Amino acid sequence: MPKVHDRGGWPNDDSVDHSEHEMEEWERQVDALNGVLGDKGLKNTDQLRRAIESLDLTTYESLAYYEKWTAAMEMLLVEQGVMTTEEIDAKVADLKQEQS
Amino acid sequence: MVENGHHDGHGHGDNAEYYSLRAAAMQALLIEKGVCTLDDILTMADKIDSRSPKDGAKILAHAWVDPEYKKRLLADAESAFLELGYDLPETSPKITVVENTDEVHNMAVCTLCSCFPRAIIGRPPAWYKELAYRSKVVVDPRGVLQEFGTAIDEAVQVRVIDSSADYRYLVLPMRPAGTDGMSEEQLAELITQESMIGVGLALAPENVRAS
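Protein chains in written order, with the working numbering: chain A, 14 to 113; chain B, 3 to 213.
Here chain A stands alone, though its shape is the one from the complex (with noise of 0.2 Å):
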């Protein structure tokens, strides 16, 4: 069985969706992010690489492309004690409350 992120060969019956994903702005700068702690020498593609594919099967399949890389970007900013898991909580929370 291969890995999670290894999908040559692996069996798909869907055809080609060749509709384009059209950007969200938070997509854009999830992107332009992933750029930017790469010229801080805050990660590189290796370890984004690593951190997608540490992803479970069922998160793997289900996650859109950019949801993704946010997941990976968060494994990797707590791992390297850039900030943790609590300070992303309450800063989500924080945000929520200042939508409603």
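It cannot be assumed that every hint is accurate.
[Claimed, not checked] Computed cross-link-like contacts, SDA-like style, restricted to lysine to any residue with a CA-CA straight-line distance of at most 20 Å:
{"hint": "1", "chain 1": "A", "residue 1": "Lys53", "chain 2": "B", "residue 2": "Ala30"}
{"hint": "2", "chain 1": "A", "residue 1": "Lys53", "chain 2": "B", "residue 2": "Leu90"}
{"hint": "3", "chain 1": "B", "residue 1": "Lys49", "chain 2": "A", "residue 2": "Thr58"}
{"hint": "4", "chain 1": "A", "residue 1": "Lys53", "chain 2": "A", "residue 2": "Ala106"}
{"hint": "5", "chain 1": "B", "residue 1": "Lys96", "chain 2": "A", "residue 2": "Asn57"}
{"hint": "6", "chain 1": "B", "residue 1": "Lys56", "chain 2": "B", "residue 2": "Glu186"}
{"hint": "7", "chain 1": "A", "residue 1": "Lys53", "chain 2": "B", "residue 2": "Glu34"}
{"hint": "8", "chain 1": "A", "residue 1": "Lys53", "chain 2": "B", "residue 2": "Ile33"}
{"hint": "9", "chain 1": "A", "residue 1": "Lys109", "chain 2": "B", "residue 2": "Tyr20"}
{"hint": "10", "chain 1": "A", "residue 1": "Lys16", "chain 2": "A", "residue 2": "Gln60"}
{"hint": "11", "chain 1": "B", "residue 1": "Lys96", "chain 2": "B", "residue 2": "Ser166"}
{"hint": "12", "chain 1": "B", "residue 1": "Lys35", "chain 2": "A", "residue 2": "Ala106"}
{"hint": "13", "chain 1": "A", "residue 1": "Lys53", "chain 2": "B", "residue 2": "Val37"}
{"hint": "14", "chain 1": "B", "residue 1": "Lys72", "chain 2": "B", "residue 2": "Gln188"}
{"hint": "15", "chain 1": "B", "residue 1": "Lys49", "chain 2": "B", "residue 2": "Pro95"}
[Stated by the list, open to error] Derived coverage of chain A by chain B (criterion: at least 3 residues anywhere in the stretch with Cβ under 8 Å from a Cβ of chain B; other residues may be distant):
{"hint": "16", "region": "32 to 44"}
{"hint": "17", "region": "54 to 63"}
{"hint": "18", "region": "72 to 84"}
{"hint": "19", "region": "95 to 101"}
No wet-lab data here; the hints were simulated from the structure.
For clarity, every value in this text was computed on a predicted model and none was experimentally measured.
Virtual Cβ for every residue (Gly too), placed ideally from N, Cα, C.
Since chain A is already given, all that's left is putting chain B on it; use the hints.
Coordinates of chain B only, in the frame set by chain A:
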């Protein structure tokens, strides 16, 4: 980590709400901690937006009209990009240009993820990143070509190139017939994103004029 069930993978479901908030929180914390500024992020986003298939098309059209440039491009793509003013960032993975001919048709995939020559032609299209393409193209490349409406003669060898985090590929499509008198700018219009990945061919000139 996933709070909800399935969606179509295109990211407009409840997962998007959850992850967009996580992303906004991380971004705010990075800025508060002085790791980066909002300006760093927006500048980077603009920089990424500035690359598109048009850049690749310009380079490849130049290779169609200048055989010596084509040789250099196939031998050492990065130096050849630089000749036309495309300076790859130091962190960019190596990019190689592969040529489609009467004998070999190349097409690129990243079975493991979504590795793509972003530094030259921008972000990959959605289908390139999705499971159907990544799973099927290495088993049934001709079937996948058919899905894209691309007919490749049985006598032509189809070669699928798997990209990686370190090596990425740009396909130089065959120059279509009937393009002899065309300018480099006109030729570049024939070179589509799909043709640079190898799931399509360069457009026939009549198809461009018609559109």
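Flag every earlier hint the structure violates by its number, smallest first. 4
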